[in-house]
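Residue numbers (my numbering), protein chains in the order written: chain E, 46 to 160; chain Z, 3 to 114.
No lab work stands behind these hints, which were simulated from the structure alone.
Do not rely on the hints blindly, as some may be mistaken.
To be verified - Heads up, simulated BS3-like pairs for lysine-lysine below, C-alpha to C-alpha not over 25 angstroms straight-line:
#1 E:Lys146 to Z:Lys19
#2 Z:Lys43 to Z:Lys101
#3 Z:Lys70 to E:Lys146
#4 E:Lys146 to Z:Lys111
#5 E:Lys146 to Z:Lys5
#6 Z:Lys43 to E:Lys146
Only a predicted model underlies this, so the values are computations on that prediction, with no experimental measurement involved.
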Amino acid sequence: NAGVTQTPKFQVLKTGQSMTLQCAQDMNHEYMSWYRQDPGMGLRLIHYSVGAGITDQGEVPNGYNVSRSTTEDFPLRLLSAAPSQTSVYFCASSYGGVGAKNIQYFGAGTRLSVL
Amino acid sequence: ELKVEQNPLFLSMQEGKNYTIYCNYSTTSDRLYWYRQDPGKSLESLFVLLSNGAVKQEGRLMASLDTKARLSTLHITAAVHDLSATYFCAVERGRGTYKYIFGTGTRLKVLA
């Protein structure tokens, strides 16, 4: 059981480049989310999805796009990378639904540096 | 705006000692999570607390929730080196919103 899989694990970009961080889960979870983790700031929610075709913004959505065409996949797109987007990115998923515990399962993370 | 504050931010303790990490949040929420993160690793779930007065225990860790005080505690009993990690609490910004706000984390180091 793979759980939540993120690719790539490491990435270096130049300012202005675009890229997509991939996230896939095999647990049939409805809820998926993207966080960024910066030193001293905990995790901050970028975007989230409560099911295929449904996405919404979190705390820090600017500069990022998401889409959810299938239950399994939730890619995060950086449109024009900036040094401020240097961070560690985590994808997470949970069962979702009213009354569910919604414990999130996290991927291994993607370490992104923007030069 | 929902804020989640943890203290202390850093904690260095001797093996065998007891200590408590505090998580305060600023608005009403009846669901609180604790996660653990080892250095350079991902996060793993420790506890989910779903109601006022909820208490969960796993090994040397015990978590509790007081929704009236908007406070959760993570108590460590007789610490061992393997508990060294960063501990995060997280709160849902309103039931059913799926917007989770994380505290800044408590970095725990247990010294042999």
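Discussion item. Please list, smallest to largest, the hint numbers that this structure does not respect.
Written reply: 1, 4
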